[in-house]
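Asks: Given these sequences and hints, build the entire structure.
Each chain is listed here by its residues.
There are 2 protein chains.
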Amino acid sequence: MFRNFRMVSYIVFGRGSFNQLDDILSKQRNDDGSIMVFCVDDVFKDNPFKERLPLKSRDLLMWVNVDVEPKTSYVDLLTKQIKDKAMGALPAAVIGIGGGSTMDIAKAVSLMLTNPGSSADYQGWDLIKNPAVYHVGVPTLSGTGAEASRTAILTGPQKKLGLNSDYTVFDQIVLDPEIVRGAPVEQWFYTGMDCYIHCIESLTGTYLNAFSKAYGEKALDLCRQVFLEGGPESEDKLMMASYCGGMSIAYSQVGVAHALSYGLSYVLGLRHGIGNSIAFDYLEEFYPEGVAEFRRMLEKHRIDLPRHITANLEEEKLNTMIDVALILEPLWENALGKDWKKIMTRDRIAELYRKM
Amino acid sequence: MFRNFRMVSYIVFGRGSFNQLDDILSKQRNDDGSIMVFCVDDVFKDNPFKERLPLKSRDLLMWVNVDVEPKTSYVDLLTKQIKDKAMGALPAAVIGIGGGSTMDIAKAVSLMLTNPGSSADYQGWDLIKNPAVYHVGVPTLSGTGAEASRTAILTGPQKKLGLNSDYTVFDQIVLDPEIVRGAPVEQWFYTGMDCYIHCIESLTGTYLNAFSKAYGEKALDLCRQVFLEGGPESEDKLMMASYCGGMSIAYSQVGVAHALSYGLSYVLGLRHGIGNSIAFDYLEEFYPEGVAEFRRMLEKHRIDLPRHITANLEEEKLNTMIDVALILEPLWENALGKDWKKIMTRDRIAELYRKM
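Same order as they appear, the protein sequences are chains A and B. Numbering follows our numbering, in which position 266 of the first sequence is assigned residue number 266; successive positions increment by one, without gaps. Numbering follows our numbering, in which position 30 of the second sequence is assigned residue number 386; successive positions increment by one, without gaps.
In short, the hints are calculated from the structure, not lab data. Bear in mind that the values here come from a model prediction, so they are computed numbers and not experimental data. Treat the hints with caution; some may be incorrect.
Below, a list of computed lysine-lysine pairs in the BS3-like style, where the Cα atoms sit at most 30 Å apart [to be verified]:
no., chain 1, residue 1, chain 2, residue 2
1, B, Lys697, B, Lys569
2, B, Lys569, A, Lys300
3, B, Lys656, B, Lys673
4, B, Lys485, B, Lys427
5, B, Lys439, B, Lys412
6, A, Lys80, A, Lys45
7, A, Lys213, B, Lys656
8, A, Lys56, B, Lys485
9, A, Lys71, A, Lys45
10, B, Lys694, B, Lys515
11, A, Lys129, B, Lys412
12, A, Lys83, A, Lys159
13, A, Lys83, A, Lys213
14, B, Lys383, A, Lys27
15, B, Lys401, B, Lys412
16, A, Lys71, A, Lys83
17, B, Lys673, B, Lys698
18, A, Lys56, A, Lys45
19, A, Lys50, A, Lys83
20, B, Lys697, B, Lys515
21, B, Lys569, A, Lys129
22, B, Lys485, A, Lys27
23, A, Lys317, A, Lys355
24, A, Lys213, B, Lys569
Replies: What follows is the structure in structure tokens.
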């Protein structure tokens with residue numbers, strides 16, 4: 001059985017295409033006066049970009065905080081606030097504007113407005129029962145591929161795991177390379193590395209087919225152009241790399257770096273992009289060429305990767321880290337084959353974590 | 357304004373994925389006993405593949421003939437036959453199984469079942485008013501990109517022009533590289549060249565952006581692998597090349613070869629793929645590297661391109677050919693810029709046609 005891959009329904013790509021958001025949303029506005037909800041990264045709170053949001057009088061603007069990665073409790077809180085403010089009426093749209101975390105929050109909220117209970121109940125695969133509210137993704141950082149994926153990754157009480165479902169996929173994405181400007185260099189770099197590492201993992205994995213290979217190769221090619229060559233089209237290219245990376249996941253998987261990164265995020269609260277980079281740097285035995293190239297990218301952009309972050313970690317926390325990493329069985333199997341459990345023991349994972 | 361590009365809703369890719377068609381369709385079957393319509397290229401009429409069609413008792417199997425390119429009159433006839441046989445009930449699905457022409461027929465029929473009048477009334481851009489019947493595309497030849505596009509190209513009483521609309525896009529495509537086997541070498545080659553030429557035209561055109569460039573480059577890369585190197589993955593790669601070629605059209609256009617090919621098809625009844633190839637071979641001044649590479653492909657696969665097809669053409673027919681080619685203004689503008697009318701006069705087009 002091959003996955004029947006749900007695609008984003010509408011995509012607009014181009015410098016300045018953010019200006020079309022108002023027009024796009026107007027087609028979804030109902031005569032009954034229902035509102036729209038804008039979930040926007042709060043880094044834009046004091047930014048002139050705020051003035052460009054196409055809000056109508058009764059729309060809700062929710063500044064979302066993603067200093068830490070999104071939690072199920074945060075999604076539940078936002079959903080409750082929206083329900084209270086909308087007084088029982090279902091919003092006509094949820095629009096997520098920000099990086100991968102903000103887009104994941106928008107996806108999750110749009111699902112939780114129509115599905116009962118806590119978002120923690122839906123961490124897993126195809127547990128969502130009802131279609132989401134119409135939802136739009138507008139990335140302001142490139143690399144995570146969240147704009148194309150069928151997941152909304154959340155940290156819950158027991159695990160970091162996405163709400164994976166066909167209903168999670170955005171109805172519309174707006175890819176405007178102009179609005180990714182202005183992020184700090186490290187954030188730009190680590191988010192881009194999410195895409196780069198993802199491509200290395202999927203292209204060397206055991207799950208690949210021609211569909212995912214084509215997308216993965218193109219994303220990798222674009223990442224190399226952006227991070228080793230640079231140039232005026234870099235914003236456009238990284239935005240396409242991110243999208244192609246997200247598409248490549250249809251018939252592939254990520255691997256060792258992503259699995260270890262989930263443990264780092266869960267226990268140490270590290271952001272996903274930096275977590276991937278920290279883990280990847282110690283994975284030369286699994287990805288020799290990728291790690292060598294990654295180090296050239298680090299050097300070119302003078303990125304000082306954090307070291308010794310697990311130096312004083314208690315045994316119990318290390319064990320939790322290992323538990324969280326081991327939940328991600330498809331990632332290990334993709335990287336190491338069906339017999340991965342013989343290769344990747346708890347001791348070996350502990351040894352890798354202790355180096356970081 | 358950037359085009360808000362409508363994507364295919366679901367895509368399944370993989371060797372043997374055709375076996376999932378029954379399961380996919382079962383989710384669309386209604387309890388009211390409505391039927392599904394299979395439009396299948398009649399080359400499969402005496403082929404064992406016929407036994408694999410997941411027909412239910414009341415479903416309609418329409419063998420479609422594409423010895424000539426699809427005409428609006430043929431689409432109107434098929435639509436009437438379906439309406440008569442379904443006795444007023446709307447079919448739950450239309451499934452097109454074949455090459456680009458068959459897929460275009462399935463798209464057009466699914467539109468004409470819900471839109472009044474003749475399909476000739478809708479040749480153009482965004483003239484379709486009502487959503488189509490749920491429709492599925494299953495390509496059995498790779499290269500045209502019809503599986504990904506928002507058009508259904510038809511030859512009408514006045515012109516060869518597509519039904520271009522968001523409703524034209526397939527709800528589902530099934531990309532199974534196993535079922536493209538068995539086509540004659542020339543058909544395989546010319547259909548693949550549709551994709552190759554399309555990429556050369558779009559990548560050297562004036563309309564390109566990073567989205568279409570990424571898709572176009574990947575399609576071109578895959579075409580080169582297939583037609584210059586070959587190898588066991590060629591079917592998979594050409595299927596992805598075709599899909600990426602179709603996607604690249606979102607923000608790009610084809611060019612001189614396609615424009616001239618439309619005239620050849622309209623007047624001489626030539627198939628699109630061979631028409632492109634015949635025209636392209638005389639376009640060295642516009643696409644020097646592409647034409648040189650194309651000739652290496654011709655040679656490698658020992659393809660004997662038809663020559664002197666316009667040798668005895670009456671003046672009146674030549675004029676019609678020029679008229680049909682000139683309708684396609686966006687293609688000329690993409691290839692030659694805003695001032696294309698100064699460059700590409702009727703005389704110059706006539707001169708090119710007379711060489712063919």
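Asks: If a hint holds in the structure, say so; if it doesn't, say that too.
Replies: Against the structure, the hints:
1. Only pairs whose Cα atoms come within 30 Å are accepted, and Lys697/B paired with Lys569/B is accepted, the gap being roughly 26 Å.
2. Restraint check: the Cα-Cα separation between Lys569/B and Lys300/A comes to about 26 Å, which is no more than 30 Å; the hinted pair holds.
3. The hinted pair formed by Lys656/B and Lys673/B fails the criterion: a straight-line CA distance of about 34 Å is larger than 30 Å.
4. With a C-alpha separation of about 21 Å, the suggested pairing of Lys485/B with Lys427/B holds against the 30 Å cut-off.
5. As the CA atoms of Lys439/B and Lys412/B are separated by approximately 18 Å, the hinted pair is consistent with the 30 Å bound.
6. Proximity of Lys80/A to Lys45/A is assessed by CA-CA distance (about 22 Å); at most 30 Å being required, the pair is judged to hold.
7. A threshold of 30 Å between alpha carbons decides the hint, and for Lys213/A with Lys656/B the separation of about 26 Å falls inside it, so the pair holds.
8. Simply put, Lys56/A and Lys485/B have alpha-carbon atoms about 29 Å apart, close enough for the 30 Å limit, and the pair holds.
9. Note on Lys71/A and Lys45/A: the hinted pairing holds, with a Cα-Cα distance of about 21 Å set against a maximum of 30 Å.
10. At roughly 23 Å between alpha-carbon atoms, Lys694/B and Lys515/B fall within 30 Å of each other, so this suggested pair holds.
11. Restraint check for Lys129/A and Lys412/B: the C-alpha separation of about 29 Å stays at or below 30 Å, so the hint holds.
12. Taking the CA atoms of Lys83/A and Lys159/A, the gap is near 26 Å; set against the 30 Å cutoff, the hint holds.
13. Only pairs whose Cα atoms come within 30 Å are accepted, and Lys83/A paired with Lys213/A is rejected, the gap being roughly 42 Å.
14. Simply put, Lys383/B and Lys27/A have alpha-carbon atoms about 28 Å apart, close enough for the 30 Å limit, and the pair holds.
15. With a C-alpha separation of about 18 Å, the suggested pair Lys401/B and Lys412/B falls inside the 30 Å cut-off, and the hint holds.
16. Between Lys71/A and Lys83/A, the direct Cα distance comes to roughly 19 Å. Compliance with the 30 Å bound is thereby established for this hinted pair.
17. With a CA separation close to 23 Å, the supplied pair Lys673/B and Lys698/B stays within the 30 Å bound.
18. Our distance criterion of 30 Å between C-alpha atoms is met by Lys56/A and Lys45/A, whose separation comes to about 18 Å.
19. For the given pair, Lys50/A sits about 24 Å from Lys83/A by alpha-carbon distance, which is consistent with the 30 Å threshold.
20. At most 30 Å may separate the alpha-carbon atoms for a hinted pair to count; Lys697/B and Lys515/B meet this at roughly 20 Å.
21. Taking the CA atoms of Lys569/B and Lys129/A, the gap is near 38 Å; set against the 30 Å cutoff, the hint is violated.
22. Between Lys485/B and Lys27/A, the direct Cα distance comes to roughly 15 Å. Compliance with the 30 Å bound is thereby established for this hinted pair.
23. This hinted pair checks out: Lys317/A and Lys355/A have alpha carbons roughly 15 Å apart, not beyond 30 Å.
24. For the proposed pair Lys213/A and Lys569/B, the alpha carbon gap of about 18 Å is at most 30 Å, so the pair holds.
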